[in-house]
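These protein sequence lines map, in sequence, to chains A and B.
Read in our numbering, the first sequence has 40 at position 40, and its numbers run on one by one without any break.
Read in our numbering, the second sequence has 56 at position 56, and its numbers run on one by one without any break.
Just so you know, not all the hints are guaranteed correct.
Said to hold, decoys possible - DSBU-like cross-link-like pairs, simulated, lysine-lysine; straight-line CA separation at most 35 angstroms:
hint, chain 1, residue 1, chain 2, residue 2
1, A, K70, B, K14
2, A, K67, B, K57
3, B, K14, A, K110
4, A, K98, B, K14
5, B, K9, B, K71
6, A, K56, B, K71
7, B, K57, A, K2
8, B, K71, A, K98
9, A, K2, A, K98
10, B, K71, A, K42
11, B, K14, A, K2
Said to hold, decoys possible - Residues from chain A shown here face chain B by an in silico Cβ test under 10 angstroms; the list is partial:
hint, residue
12, K2
13, P10
14, M34
15, Y36
16, K42
17, G43
18, P44
19, S84
20, L88
21, A90
22, S92
23, A95
24, N97
25, K98
26, T100
By construction, these hints were calculated from the structure, which means they are not laboratory data.
Beta carbons: idealized from backbone N, C-alpha and C, even for Gly.
Listed below, chain by chain, are the residues.
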Amino acid sequence: QKEVEQDPGPLSVPEGAIVSLNCTYSNSAFQYFMWYRQYSRKGPELLMYTYSSGNKEDGRFTAQVDKSSKYISLFIRDSQPSDSATYLCAMSVAAGNKLTFGGGTRVLVKP
Amino acid sequence: NAGVTQTPKFQVLKTGQSMTLQCAQDMNHNSMYWYRQDPGMGLRLIYYSASEGTTDKGEVPNGYNVSRLNKREFSLRLESAAPSQTSVYFCASGGAQNYGYTFGSGTRLTVV
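Kindly generate the complete structure, drawing on both the sequences and the hints.
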């Protein structure tokens with residue numbers, strides 16, 4: 001079993017819908033949680049990060065962490081075709097430490 | 001622009017040939033990483049360097065070697081390329097106060 005599990009998708013939604021992405025993990029020592037966005041033929045780019053449990057909002061994006069359930073989520077409101085990409089979750093034990101990545105979920109937002 | 005620069009962007013090798021993938025960062029980060037990304041396999045760590053002068057194996061190190069030339073540069077070498085090494089290779093760097101990595105744009109390698 002992988003340390004971080006993520007549904008590979010693809011997840012197809014109509015424009016304007018809410019996109020819901022999630023990852024589960026097994027290592028209770030993880031403290032820092034990140035979401036990366038990767039467009040086709042590009043490198044991953046950091047989208048959001050959170051420390052420990054709780055929510056964080058940035059524009060149309062909301063990241064949630066539930067450490068008791070070992071479950072993290074990313075929500076994208078009012079989704080746009082430009083949000084079509086692969087979204088990878090990542091986590092680490094401490095800031096600056098090696099990251100463990102999920103396999104990524106491919107998202108397609110249809111106009 | 002500050003960031004991670006990878007060269008080359010594309011490469012085709014014949015089986016048995018060798019090559020070095022170059023990576024440089026200008027963000028004064030201590031840690032640098034080499035990943036490969038294959039369909040359905042996600043990002044897999046090949047080697048990493050937590051600081052200048054140190055390197056460690058990752059998840060899939062066989063067939064690769066690395067050199068942390070200085071704080072800025074971290075190269076990945078394939079001594080005898082095999083078709084199984086056809087992949088997209090990403091270099092990344094991270095700082096002690098960073099909560100994530102900055103990735104390069106990748107090198108698409110095909111071994112025939």
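Status of the hints after comparison with the structure:
no.	hint	in the structure
1	K70/A <-> K14/B	violated (45 angstroms)
2	K67/A <-> K57/B	holds (29 angstroms)
3	K14/B <-> K110/A	violated (40 angstroms)
4	K98/A <-> K14/B	holds (33 angstroms)
5	K9/B <-> K71/B	holds (22 angstroms)
6	K56/A <-> K71/B	holds (33 angstroms)
7	K57/B <-> K2/A	holds (18 angstroms)
8	K71/B <-> K98/A	holds (17 angstroms)
9	K2/A <-> K98/A	holds (16 angstroms)
10	K71/B <-> K42/A	holds (24 angstroms)
11	K14/B <-> K2/A	holds (33 angstroms)
12	K2	holds (9 angstroms)
13	P10	violated (12 angstroms)
14	M34	holds (5 angstroms)
15	Y36	holds (7 angstroms)
16	K42	holds (6 angstroms)
17	G43	holds (4 angstroms)
18	P44	holds (5 angstroms)
19	S84	violated (17 angstroms)
20	L88	holds (7 angstroms)
21	A90	holds (7 angstroms)
22	S92	holds (8 angstroms)
23	A95	holds (6 angstroms)
24	N97	holds (9 angstroms)
25	K98	holds (6 angstroms)
26	T100	holds (9 angstroms)
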